[in-house]
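Asks: Below, each chain spelled out in residue letters.
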Amino acid sequence: GAVVSQHPSWVICKSGTSVKIECRSLDFQATTMFWYRQFPKQSLMLMATSNEGSKATYEQGVEKDKFLINHASLTLSTLTVTSAHPEDSSFYICSARGGGFDEQFFGPGTRLTVL
Amino acid sequence: QKEVEQNSGPLSVPEGAIASLNCTYSDRGSQSFFWYRQYSGKSPELIMFIYSNGDKEDGRFTAQLNKASQYVSLLIRDSQPSDSATYLCAVNIDGAGNMLTFGGGTRLMVKP
Numbered sequence: 710g711a712v713v714s715q716h717p718s719w720v721i722c723k724s725g726t727s728v729k730i731e732c733r734s735l736d737f738q739a740t741t742m743f744w745y746r747q748f749p750k751q752s753l754m755l756m757a758t759s760n761e762g763s764k765a766t767y768e769q770g771v772e773k774d775k776f777l778i779n780h781a782s783l784t785l786s787t788l789t790v791t792s793a794h795p796e797d798s799s800f801y802i803c804s805a806r807g808g809g810f811d812e813q814f815f816g817p818g819t820r821l822t823v824l
Numbered sequence: 319q320k321e322v323e324q325n326s327g328p329l330s331v332p333e334g335a336i337a338s339l340n341c342t343y344s345d346r347g348s349q350s351f352f353w354y355r356q357y358s359g360k361s362p363e364l365i366m367f368i369y370s371n372g373d374k375e376d377g378r379f380t381a382q383l384n385k386a387s388q389y390v391s392l393l394i395r396d397s398q399p400s401d402s403a404t405y406l407c408a409v410n411i412d413g414a415g416n417m418l419t420f421g422g423g424t425r426l427m428v429k430p
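These protein sequence lines are chains A and B, in that order.
The opening position of the first sequence corresponds to residue 710 in the numbering used here, with each subsequent residue numbered one higher.
The opening position of the second sequence corresponds to residue 319 in the numbering used here, with each subsequent residue numbered one higher.
Hints were generated in silico from the structure; no laboratory data involved.
It is possible that some hints are incorrect.
[What the hints assert, rightly or not] Listed next, the stretches of chain B that the computed footprint assigns to chain A, with coverage defined by at least 3 CB atoms under 8 Å from CB atoms of chain A:
#1 336 to 348
#2 361 to 370
[Claimed, not checked] Beta-carbon label-pair distances, calculated as ranges:
#3 B:R346 <-> A:K773: 42 to 52 Å
#4 A:S714 <-> B:S326: 39 to 49 Å
#5 A:S724 <-> B:K374: 28 to 38 Å
#6 A:H716 <-> B:E321: 28 to 38 Å
#7 B:L329 <-> A:R820: 19 to 29 Å
In this text, a Cβ means the ideal position worked out from N, Cα and C, and glycines have one as well.
Looking at chain B on its own, in the form it has when it is part of the complex (with noise of 0.2 Å):
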């Protein structure tokens, strides 16, 4: 079992829609995590972090902890073309200290 596992996709929405992007991850001591986006050809660009249990909102993204759950979603409303690109969830595994285990992304294909 990998240890940060994504949808590889695509997702495709229509503009417009909410885009749901989710991720599970198998270390229960985990306590960091982040969304990055990655379009083609370039390198990831953080969009935000959690790090406690429940939602925590910027802008058009929602992100989403269940600990319990081990699951962390995002949420991107009103989805615009621009938003296509790959998603990458990243999560800081205890004990892995500054280091980031990666999943391996979901593409996101937002059509007009």
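Just chain A, with the same shape it has in the complex (with noise of 0.2 Å):
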């Protein structure tokens, strides 16, 4: 399978800061990524998808302007939280497709957590 990686695996800050978090398609293109936040107890709930050189399509109820995602190559896409609060604490996982896969490969996920 394809590898993903995520960095940092995880990060504290301060409210009211910025935090950028980095996906990785190691040994393949990504021409799709997708990201993906996760509660406690809860399953995925897909934030924003992807595709190299264009906007990101967010879904419903996730705010561009705070979740900013940027896929300027076929194999890196950042997800910057802008002005982080508490209730952005949680697991944000990314996930990348391409190089021939169907499915989609997973990063390891960074834990935020916004004191």
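Two chains, two separate frames, one set of hints: put the complex together.
Replies: This is the structure in structure tokens:
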């Protein structure tokens, strides 16, 4: 299978700061990347879908000005949580699709804690 | 009605037994079906996918698809305590492009 990495694996920040999370496909070109959020004991919630070189498509209820997504290359997408607040504390997971694979491959996730 | 439904569980089975996990989906035009396993605090990992009606076997895992009944299942033979996790069913809803729609997951507990 293909490998997807995320950085950082965890981050703690103060309320009001911005946090950037990177998602990389290590051994294939990801034409599409997905960003999910998962709260404790809940299922994955898709936040947005991004295709390389184009604007992300956000799911209903996800603020695009708060969660900035950039998919500038076929191997890198970034999610920036702007002016983070405690309610943004969650497990953020990216996945990638491409390279001839039909399935999505998930990164290891980033646990964000906003104090 | 949710697009992809799973019983949240927990489903408890003794070690060595067969665990049967079920998933139903609402969109009859769905083409691709995936099973992911998620350990607590970790991200999902793909177990297997199935596209055609019938069974698909991979080691101890068998995926079963019945498009007429809009039903996909995952059987785990010789269940081990290490199989204890949440199992997520994901469906590529027809017309949704690359997007997967996930069920809520079934928590499996395999007791020694």
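Asks: Compare the structure with each hint and give your call.
Replies: Here is how each hint holds up against the structure:
1. Requiring three or more residues with a Cβ within less than 8 Å of a Cβ of chain A, the coverage given for the segment 336 to 348 of chain B is violated, as only 0 such residues are present.
2. With a threshold of 8 Å between beta carbons, the proposed coverage of the segment 361 to 370 of chain B by chain A holds, since 5 of its residues qualify and at least three are required.
3. Against the hinted window of 42 to 52 Å, the Cβ-Cβ separation of R346 (chain B) and K773 (chain A) comes to about 32 Å, which falls outside the hint.
4. Range check, S714 (chain A) to S326 (chain B): about 30 Å between beta-carbon atoms, so the 39 to 49 Å window is missed.
5. Distance hint for S724 (chain A) and K374 (chain B): a CB-CB separation of about 48 Å, inconsistent with the stated range 28 to 38 Å.
6. One distance hint, 28 to 38 Å for the beta-carbon pair H716 (chain A) and E321 (chain B), holds here, with the actual separation near 32 Å.
7. As the Cβ distance of L329 (chain B) to R820 (chain A) is approximately 27 Å, the hint placing it in 19 to 29 Å holds.
Violated hints, listed in ascending order, are 1, 3, 4 and 5; each of the other numbered hints is respected by the structure.
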